[in-house]
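Produce the entire structure from the sequences given, and follow the hints as far as they go.
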Amino acid sequence: MTPDYYLILAAVLFTIGAVGVLVRRNAIVVFMCVELMLNAANLTLVTFARINGSLDGQIMAFFVMVVAAAEVVIGLAIIMSIFRSRRSASVDDANLLKY
Amino acid sequence: MSLLAQGALLAADNTVPTGEAVTFWILAPIALGGAIGMVLARNAVHSALLLVCTMLSLGVFYVLQAGPFIGMVQIIVYTGAIMMLFLFVIMLVGRHTRDSLIEVLRGQRLAAVILGVGFAMLLGTGLARGVGSVTAKGLDEANANGNVEGIAKLLFTKYIFAFEVTSALLITAAIGAMLLAHIEKKPGEKLDQKVLSRNRFTKGNYPGPKSGPGVFATSDSVATPAILPDGTFTERSVSKVVPARELTLTEARPKATNGNKQDGEIR
Numbered sequence: 001m002t003p004d005y006y007l008i009l010a011a012v013l014f015t016i017g018a019v020g021v022l023v024r025r026n027a028i029v030v031f032m033c034v035e036l037m038l039n040a041a042n043l044t045l046v047t048f049a050r051i052n053g054s055l056d057g058q059i060m061a062f063f064v065m066v067v068a069a070a071e072v073v074i075g076l077a078i079i080m081s082i083f084r085s086r087r088s089a090s091v092d093d094a095n096l097l098k099y
Numbered sequence: 001m002s003l004l005a006q007g008a009l010l011a012a013d014n015t016v017p018t019g020e021a022v023t024f025w026i027l028a029p030i031a032l033g034g035a036i037g038m039v040l041a042r043n044a045v046h047s048a049l050l051l052v053c054t055m056l057s058l059g060v061f062y063v064l065q066a067g068p069f070i071g072m073v074q075i076i077v078y079t080g081a082i083m084m085l086f087l088f089v090i091m092l093v094g095r096h097t098r099d100s101l102i103e104v105l106r107g108q109r110l111a112a113v114i115l116g117v118g119f120a121m122l123l124g125t126g127l128a129r130g131v132g133s134v135t136a137k138g139l140d141e142a143n144a145n146g147n148v149e150g151i152a153k154l155l156f157t158k159y160i161f162a163f164e165v166t167s168a169l170l171i172t173a174a175i176g177a178m179l180l181a182h183i184e185k186k187p188g189e190k191l192d193q194k195v196l197s198r199n200r201f202t203k204g205n206y207p208g209p210k211s212g213p214g215v216f217a218t219s220d221s222v223a224t225p226a227i228l229p230d231g232t233f234t235e236r237s238v239s240k241v242v243p244a245r246e247l248t249l250t251e252a253r254p255k256a257t258n259g260n261k262q263d264g265e266i267r
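Line by line, the protein sequences give chains A and Z.
For the first sequence, UniProt numbering gives the first residue as 1, with consecutive numbering after it.
For the second sequence, UniProt numbering gives the first residue as 1, with consecutive numbering after it.
Simulated from the structure, these hints should not be mistaken for lab results.
There's no promise every hint is true.
Label-pair ranges, simulated between beta-carbon atoms [as the list claims (entries may be wrong)]: (1) Z:Val222 to A:Leu22: 53 to 61 Å; (2) Z:Pro17 to A:Arg84: 51 to 59 Å; (3) Z:Phe88 to A:Val67: 14 to 22 Å; (4) A:Ser85 to Z:Val222: 43 to 51 Å; (5) A:Arg84 to Z:Arg109: 23 to 31 Å; (6) A:Arg84 to Z:Phe201: 32 to 40 Å; (7) A:Arg86 to Z:His46: 20 to 28 Å; (8) Z:Val148 to A:Arg84: 49 to 57 Å; (9) Z:Pro229 to A:Arg84: 41 to 49 Å; (10) Z:Phe156 to A:Leu22: 19 to 27 Å; (11) A:Leu22 to Z:Val241: 43 to 51 Å; (12) Z:His46 to A:Arg84: 20 to 28 Å; (13) Z:Leu105 to A:Ile74: 25 to 33 Å.
Everything numeric in this text was worked out from a predicted model, so none of it was measured.
Note that beta-carbon positions come from the ideal geometry of N, C-alpha and C, so glycine has one too.
Below you can see the structure in the form of structure tokens.
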């Protein structure tokens, strides 16, 4: 086994996350799939840090986590306010901007 | 011979220690199963918990790959903070909302799966072409003074500007979340103390503490409501668990407890 296996795992996880975003309709689950994609990207960053022998990859993963935390806070607040006005957490129901 | 030795050295360099391989082969299926289960689970709470499984496995992978700091941050920030925030919002919002089975775009699900498979193939070929020949240098040199020290050194020198910008981002996010979650109330909408106490003492409301069941009552049953000082029954003194019921004629009849069959006979 070589470190490349981590990259393969990360690719598979990213794909699952991407398919989940496209398939699921519950806004919160869609959001969790986005988190899964971010995590997969983090795994590649940490693996590349190890392959290249420098800590820059780990720092980038750290920044990705910070941005993800901010994104989650805002995203969940938006989902909450949409739910408050429309009584629904489905992404299909938020279609006022359509057409 | 030297070439062969070099090749062997290269191969030996590129493979990971057995312990790491074993851990990988145990945790990788868990991570994959968690991810697949998250997409497939009908219940959003199950999705969140399965995603926690995946994230914990990834945290262990980070620790395995000479990144103890980032691994711990993964566990604390992602599984500890972010996923708990998700659970809070699921409990507030989306626990009962189910995925609608109506396809707004025709064939969108099938297209998504095909797209996913294609994307996986694209990534796979890219990986197969790009890696496999590279040798992992390892982080022993970079981690010589400790992983946290190495990260701190980079973070506060090379990446200091990004670090400072991050603080601005976090403050903006906090203010944004407060603005989005805040409910604006109209001036007259919020009841002040005066209105609240006036409402409490209006006629028909009993402002004092409620007496327990059976107080001043005609029976010692817990189902008998208490009588208030003004002589009315208070239904609130009876527990909601106790069903209000009336005895049937058969039940109300005296039982044959004194050996007198005639009394208890049901006619």
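So, going through the hints one by one against the coordinates:
Judged by the Cβ atoms, the range 53 to 61 Å given for valine 222 of chain Z and leucine 22 of chain A holds: they are separated by roughly 58 Å. Between proline 17 of chain Z and arginine 84 of chain A the beta carbons are some 52 Å apart, a value that agrees with the proposed interval 51 to 59 Å. For phenylalanine 88 of chain Z and valine 67 of chain A, the Cβ-Cβ distance of about 21 Å falls inside the hinted range of 14 to 22 Å, so the restraint holds. Look at serine 85 of chain A against valine 222 of chain Z: about 45 Å separates their beta carbons, and that is inside 43 to 51 Å.
Hint check: arginine 84 of chain A to arginine 109 of chain Z, Cβ distance near 29 Å, so the stated range 23 to 31 Å holds. Taking 32 to 40 Å as the suggested C-beta distance range, the pair arginine 84 of chain A and phenylalanine 201 of chain Z conforms, at roughly 34 Å. For the pair arginine 86 of chain A and histidine 46 of chain Z, the beta carbons lie near 24 Å from each other, so the given range of 20 to 28 Å is met. Range check, valine 148 of chain Z to arginine 84 of chain A: about 42 Å between beta-carbon atoms, so the 49 to 57 Å window is missed.
A C-beta distance of roughly 44 Å is found between proline 229 of chain Z and arginine 84 of chain A, which places it inside the suggested range of 41 to 49 Å. A beta carbon spacing of about 40 Å between phenylalanine 156 of chain Z and leucine 22 of chain A contradicts the range 19 to 27 Å that was offered as a hint. Separated by about 48 Å at the C-beta atoms, leucine 22 of chain A and valine 241 of chain Z satisfy the suggested range of 43 to 51 Å. For the pair histidine 46 of chain Z and arginine 84 of chain A, the supplied restraint of 20 to 28 Å holds, since their beta-carbon distance comes to about 25 Å.
Look at leucine 105 of chain Z against isoleucine 74 of chain A: about 27 Å separates their beta carbons, and that is inside 25 to 33 Å.
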